[in-house]
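Enquirer: Sequence:
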Amino acid sequence: MTTTRRILALAAAATLIAVGCSDDDDSSDSTIDTAAPTSAVPATDAPATDPPATDAPPSTDPPATDAPPATQPPATDAPPSTDPPALPDTPIVAAISQTYDFEGGDPDPADLPAAPGSVEAHWYTSGDVMAVVFVGLDPEANACPGNSIRTATGFEFVSNGPLPNGICDDFSTLIENTSSQGVQLCDGRVGYLTLIPAGTSGELYSSIERSDPDVTGVGLTGFVALPDPSVLPDIEASLLAC
145 MTTTRRILAL AAAATLIAVG CSDDDDSSDS TIDTAAPTSA VPATDAPATD PPATDAPPST
205 DPPATDAPPA TQPPATDAPP STDPPALPDT PIVAAISQTY DFEGGDPDPA DLPAAPGSVE
265 AHWYTSGDVM AVVFVGLDPE ANACPGNSIR TATGFEFVSN GPLPNGICDD FSTLIENTSS
325 QGVQLCDGRV GYLTLIPAGT SGELYSSIER SDPDVTGVGL TGFVALPDPS VLPDIEASLL
385 AC
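In this note's numbering, the protein residues as written are 145 to 386.
In short, the hints are calculated from the structure, not lab data.
Don't be surprised by glycine CBs; every beta carbon is placed ideally from N, CA and C.
Heads up, some of the hints might be wrong.
[What the hints assert, rightly or not] Here are the computed distance ranges between Cβ atoms for each label pair:
(1) E380 to D252: 36 to 44 angstroms
(2) S382 to D358: 35 to 43 angstroms
(3) D314 to S241: 23 to 31 angstroms
(4) G248 to V279: 24 to 32 angstroms
(5) T344 to A254: 31 to 39 angstroms
(6) D233 to D358: 19 to 27 angstroms
(7) V279 to D378: 15 to 23 angstroms
(8) N286 to S323: 17 to 25 angstroms
Using the sequences and the hints, build the whole thing.
Expert: Right, dumping it as structure tokens:
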């Protein structure tokens, strides 16, 4: 019984050992790391805490625009001049200042067609005749300009021509104003194409006369010597009438 019990005890012990060995083997194979798992999250790049970049807000200023066009009016041509065409200078000039009446007396200054010394006669040639410009004479005056030349034989080629307002019907020396003789008007300037042939020497007389019922007529005159007619500048008749 004792042996039997021993055998049974050994057998039981052997069985326990065998089971223990088996358990040891299994436990050695199944051993796991008993280190407590860390609670730290694996290291990662820290995300930026700045807000993402955004475009700047749109400007509230109005958009730039081109400058407005200039308000100045466009350039225009200058208005045409009202001055008459210029004439060349002449060395033969007479001041018209000597007064008279047709009966040999002294006229009333108020009756004269121009003030003494206010008008000058500028002499030229124009084609085949002599020409005069009465500088300072009012073309609206009641006047009858005239001229002549005094030679060795006396006064020759005497003539008068009426201004638009001139009363000269009683003058025996009155001629008709045409494009080739008599009064020529241009923008307020009074010219005269005489009957005196170009090239004639002598004393040149210029006069401004008007009718007067009391003494037939009144006027004023002036003269200048012309020993050498070649000194007179020549002008186109078209410069006198325009």
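Enquirer: It remains to establish, for every hint, whether it holds in the given structure.
Expert: We went through each hint and held it up to the structure:
Roughly 40 angstroms separates the CB atoms of E380 and D252, a value that falls within the hinted 36 to 44 angstroms. In this structure the supplied range 35 to 43 angstroms holds for S382 paired with D358, their Cβ-Cβ distance being about 41 angstroms. In this structure the hint that D314 and S241 lie 23 to 31 angstroms apart at CB holds, the actual value being about 25 angstroms. Taking 24 to 32 angstroms as the suggested C-beta distance range, the pair G248 and V279 conforms, at roughly 29 angstroms.
Distance hint check for T344 and A254: the Cβ-Cβ separation is about 36 angstroms, which falls inside the suggested range of 31 to 39 angstroms. Distance hint check: the CB atoms of D233 and D358 are about 40 angstroms apart, inconsistent with the given range 19 to 27 angstroms. Taking the beta carbon of each, V279 and D378 are about 18 angstroms apart, inside 15 to 23 angstroms as hinted. Between N286 and S323 the Cβ separation comes to about 24 angstroms, which falls inside the hinted range of 17 to 25 angstroms.
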